[in-house]
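Add chains B, C and D to chain A, keeping to what the hints say.
There are 4 protein chains.
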Amino acid sequence: MAIVLGENRYGKSRVRVMKVRREGARHEIFEWNVEVWLTGDFRSCFEDGDNSQILPTDTMKNTVYSLARACSAASMEEFGIELVTHFIATNPHAQSAGVRIVSTPWKHIDGFADAFTHASDKYDTTTITLSRDGIRSVSSGFEKLWLLKTAKSAFAGYMKDRLTTLKETHDRLFGTLATAEWRYSGTDLDYNALRQRIEWALVTTFAAHDSLSVQQTLYAMAKAALEQVNEIADVHLVMPNKHCNLIDLSPFGQDNPNEIFVPTDEPHGSIEARVSRSAIGS
Amino acid sequence: MAIVLGENRYGKSRVRVMKVRREGARHEIFEWNVEVWLTGDFRSCFEDGDNSQILPTDTMKNTVYSLARACSAASMEEFGIELVTHFIATNPHAQSAGVRIVSTPWKHIDGFADAFTHASDKYDTTTITLSRDGIRSVSSGFEKLWLLKTAKSAFAGYMKDRLTTLKETHDRLFGTLATAEWRYSGTDLDYNALRQRIEWALVTTFAAHDSLSVQQTLYAMAKAALEQVNEIADVHLVMPNKHCNLIDLSPFGQDNPNEIFVPTDEPHGSIEARVSRSAIGS
Amino acid sequence: MAIVLGENRYGKSRVRVMKVRREGARHEIFEWNVEVWLTGDFRSCFEDGDNSQILPTDTMKNTVYSLARACSAASMEEFGIELVTHFIATNPHAQSAGVRIVSTPWKHIDGFADAFTHASDKYDTTTITLSRDGIRSVSSGFEKLWLLKTAKSAFAGYMKDRLTTLKETHDRLFGTLATAEWRYSGTDLDYNALRQRIEWALVTTFAAHDSLSVQQTLYAMAKAALEQVNEIADVHLVMPNKHCNLIDLSPFGQDNPNEIFVPTDEPHGSIEARVSRSAIGS
Amino acid sequence: MAIVLGENRYGKSRVRVMKVRREGARHEIFEWNVEVWLTGDFRSCFEDGDNSQILPTDTMKNTVYSLARACSAASMEEFGIELVTHFIATNPHAQSAGVRIVSTPWKHIDGFADAFTHASDKYDTTTITLSRDGIRSVSSGFEKLWLLKTAKSAFAGYMKDRLTTLKETHDRLFGTLATAEWRYSGTDLDYNALRQRIEWALVTTFAAHDSLSVQQTLYAMAKAALEQVNEIADVHLVMPNKHCNLIDLSPFGQDNPNEIFVPTDEPHGSIEARVSRSAIGS
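Sequences listed follow chains A, B, C and D, in order.
Residues in the first sequence are numbered from 121 upward in steps of one, following my numbering.
Residues in the second sequence are numbered from 121 upward in steps of one, following my numbering.
Residues in the third sequence are numbered from 121 upward in steps of one, following my numbering.
Residues in the fourth sequence are numbered from 121 upward in steps of one, following my numbering.
The shape of chain A in the complex, shown without the other chains:
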């Protein structure tokens, strides 16, 4: 029996950078929280303490800063592609380089060219990997998108066993704090425009859907995005069921016609799935 190094990676996390672009009086800002990492055969480092193939994570951080200044990326996806391309070129021992960027949702304060506030609490994300042999993956998405619908949501007809106490309902609140990630299948894409179309498909499908379960709505949302945007190969959605429980007011002599609820954080349902485009027959 021997002891061997398996999968491993190292890099720098929480590298925050803000870029201010000034076109005359009009300013734009981009705030990105960047994580970069390398994978490969770093056995001599782990086993022997030989650092000669280790690029310090401090250098990775400097690289994020330097490329943020040098590059003219129109999207965080393009910035991420520049980063992984750089790291594969400069780290001969790396088998792959990866980057994940989370973008803060700044928008202009109405009527001002150089003052900003947050647009929502949704954060946009992208994850990009590049292998030594040139295989590139670009996935984008978002975190922390609150969605709630007060109509068109039921849950009934489910399995029951001796431990089931849940009542069937044909009119419940359906709330979730959604995370999404979709994988792009093409290159030279207009990532900002595609993101808008995908998010529109996801959000409006959530709102319009006659929901029989979280699962069914999740699937309908992903399907809509895939049908409306050809440039993506799959969509992965994580939709915790943030239960809003109807309060029993009868002890106080009051009715409660689906009006007063307790929103809860725990326990919560967890539903997630990947929905893919597939060649017929495959």
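Please note: incorrect hints may appear among the correct ones.
Given that identical chains are not distinguished, each listed pair holds provided it fits within a single copy or across any two copies.
[To be verified] Straight-line C-alpha distance at most 25 Å; calculated PhoX-like pairs for lysine-lysine: (1) LYS362 with LYS227; (2) LYS287 with LYS139; (3) LYS227 with LYS264; (4) LYS264 with LYS362; (5) LYS272 with LYS139; (6) LYS227 with LYS287; (7) LYS139 with LYS264; (8) LYS362 with LYS139; (9) LYS343 with LYS264; (10) LYS343 with LYS362; (11) LYS227 with LYS139; (12) LYS264 with LYS280; (13) LYS227 with LYS280; (14) LYS362 with LYS287; (15) LYS227 with LYS272; (16) LYS343 with LYS139; (17) LYS287 with LYS343; (18) LYS287 with LYS264; (19) LYS343 with LYS280; (20) LYS272 with LYS287.
Hints were generated in silico from the structure; no laboratory data involved.
Frame of chain A; chains B, C and D shown alone:
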């Protein structure tokens, strides 16, 4: 020497309630996180374990739910006033009742009458107290409002001692995560409309101000609110200085004309002040 | 009517510093999260943007670092006293200087002189203020101390109104995440030794007390600390009631003899009080 | 082209349960935060809204409560095994059932049989999966273990490129907030005793190791655990490098002989690896 009970209070925190108001197909939702408390002479409880004057905090929670159903408050301020009025009436030993409500920023998804998402990450607040002799205080405000300006912000001419290393600047980023609270001086107010006007005064003053310091901008914001809205007596602002530090790119042979910054959470400046309306001569 | 500046303060928050003291092979570490602030008549700064009386918060940060190196304080209280004394001396416009320090709970890994882990999730605190005329206040305490007792806790005999549904109990779980602060009345104290004695009084009283309510136990804890330690003038305790709710297992044909509970974070009771030493007759 | 459902799972998260075991006057408590999930062919549910194969997550929650009462598991691993065994038996459409448990670190207050506080801020974890064909995986570990060493840590001899500014060091602080997970290879194990031995190997190796890099120490820790405990097949460690930066005090005329540091949360290095036991030749 004796040991005596001093200031004390008890109550229920994090009572979450969501109310759905349906007017035909159009739904409105209100999500409130409520804290209620009582103060008074509860010595026998603390010293002797006599609970006969203690209304259980569980009952306070039930009261929030029951009044949420029964009342037709048009604002969280009016709901809070109903709550403290109830608690003063039903708790003869209480010298004062208080409530604090934090409201979740839901808005309709564009084009849908019964589907919602978060409007921003700002949370609206109100704090209301009522004393046994009828003195009522209503203060409202907000938490977690991100503000950032990329122009019209300087910091120079400050004190220097042997430990000062900060460089003067006439063009820095100025970011803050603002908390505000203003105290209403009248009764029978349209709290929702007043909130909009006060927030407009605060935010647009932040954006437009030629800032020489966080202190000066904070004061200008509060002054604008007091000048534009007669119904408030004072404004308290807490504006941490969320520093965005200019990165030195010269080690990499690059300049940095106020373009690339590191946003930081710590350490941070902390500036807070109350600005009041005062009778001349007082 | 005029608009006037009221109470105000400014300073630096989240200044983190770690000090390593090496005595031969034995190392000790102190990790402190420091907040410093000044109050006084800073009207010209707020109203006119005159910064000539403003010591930059960046300098305050540097001062924390520099004094951490220079001073030989045996406790965070003594370090805090050095800081406020420095700031009062160097800021002629300040009416008072304050500091709050939160200490990370490091302890040695058993058997090692230079390796450490966290002892608990309790954080020790101190808050010190010094006014221009020499009045000094030193209060210490802790945050985030989890306490739970599974016996000797009842809650019965309380007020009931038409909204009360809580059942009386003579055997419940009593859990809290306690915050404490006590004010020292003397000078030249051995703060580390006193802290240990006060914490011992608080914790063992919690554990031993036959509790009729959170209020009664809170009072007994504070009273014990005041009786056992003469050097403190009062104790302030904040003890949220972190409810553990007995689960009704009867739908599943099971009993539940006070054995299976759901720990909850919300809603929660909130009980706080200050208990003071008082001259008889006062 | 068609659109198809890919990998998916659903379940219940943040199911909190506390069990009090009373043996005469001596009480023991177990607080577990449980997540359970199922995977399988749930296409009809996602695609058609057919819920007939969906066990409600509310029932999963009830099951956790009911089994917590019924079972006599001596460890959270055994409790988890009971849970997945139950869910595979009662959900014919599930291909696998999983459970993850995070345990709160309660310990007795010294000298008391029925009062408790937290032992540290480390949380123990276990993740268990069972497939329909009987393949079972039990992995255990911990989260949030703070480790810091003030000696025997160097970082030098690394790659340098034009963006490298980091100085080599032979005496730095090495701090991390470690997450570990090891996979058990046998059955009928004494999980509590094994956990203690594995944690001892990890922690004492961290403390004793002459570290040339985080990577090398991580590998040494995992290797020690594998060498000392035969019942585990691999160890996965995640060790962010929580940098403590030496402060330059020379602007203030002071030296800093490795004594005063700024602990930071961001940016931070991220190092993770799996180390496995492998048959020679494989």
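Comparing the hints with the structure gives:
1. Proximity of LYS362 to LYS227 under the C-alpha cut-off of 25 Å is restricted to the inter-copy arrangement: shortest distance 17 Å between copies versus 28 Å within a copy.
2. In this assembly of identical chains, LYS287 and LYS139 lie within 25 Å of each other by CA distance solely across copies; the values are 21 Å between and 52 Å within a copy.
3. Taking the shortest Cα distances, LYS227 and LYS264 sit within 25 Å of each other both inside one copy (17 Å) and across copies (15 Å).
4. For a Cα distance limit of 25 Å, the shortest separation of LYS264 from LYS362 qualifies both inside one copy, at 12 Å, and across copies, at 22 Å.
5. Only between protomers do LYS272 and LYS139 lie at most 25 Å apart by alpha-carbon distance; the minimum there is 17 Å, versus 43 Å within a single protomer.
6. Proximity of LYS227 to LYS287 under the C-alpha cut-off of 25 Å is found in neither arrangement, the shortest distances being 43 Å within a copy and 29 Å between copies.
7. When the C-alpha separation of LYS139 and LYS264 is checked against a cutoff of 25 Å, the pair qualifies both within a copy, at 23 Å, and between copies, at 22 Å.
8. When the C-alpha separation of LYS362 and LYS139 is checked against a cutoff of 25 Å, the pair qualifies only between copies, where the shortest distance is 16 Å, while the shortest distance within a copy is 35 Å.
9. With identical chains, the CA atoms of LYS343 and LYS264 are at most 25 Å apart within one copy only, with a shortest distance of 21 Å there and 36 Å across copies.
10. In the homo-oligomer, the alpha carbons of LYS343 and LYS362 lie at most 25 Å apart inside one protomer (22 Å), although the nearest pairing across protomers, at 41 Å, exceeds that limit.
11. For a Cα distance limit of 25 Å, the shortest separation of LYS227 from LYS139 inside one copy, 14 Å, qualifies, whereas the shortest one across copies, 30 Å, does not.
12. In this assembly of identical chains, the alpha carbons of LYS264 and LYS280 never lie at most 25 Å apart, being 32 Å within a copy and 38 Å across copies at closest.
13. For the homomeric pair LYS227 and LYS280, neither the shortest alpha-carbon distance inside one copy (48 Å) nor that between copies (36 Å) is at most 25 Å.
14. In this assembly of identical chains, LYS362 and LYS287 lie within 25 Å of each other by CA distance solely inside one copy; the values are 17 Å within and 29 Å between copies.
15. In this homomeric assembly, LYS227 and LYS272 come within 25 Å of each other (Cα to Cα) only across copies, at 18 Å, whereas the closest approach inside a single copy is 32 Å.
16. When the C-alpha separation of LYS343 and LYS139 is checked against a cutoff of 25 Å, the pair qualifies neither within a copy, at 35 Å, nor between copies, at 32 Å.
17. With identical chains, the CA atoms of LYS287 and LYS343 are never at most 25 Å apart, being 30 Å at best within one copy and 50 Å at best between copies.
18. When the C-alpha separation of LYS287 and LYS264 is checked against a cutoff of 25 Å, the pair qualifies neither within a copy, at 29 Å, nor between copies, at 38 Å.
19. Taking identical chains as interchangeable, the C-alpha atoms of LYS343 and LYS280 are never at most 25 Å apart, the minima being 29 Å within one chain and 47 Å between chains.
20. For a Cα distance limit of 25 Å, the shortest separation of LYS272 from LYS287 inside one copy, 17 Å, qualifies, whereas the shortest one across copies, 38 Å, does not.
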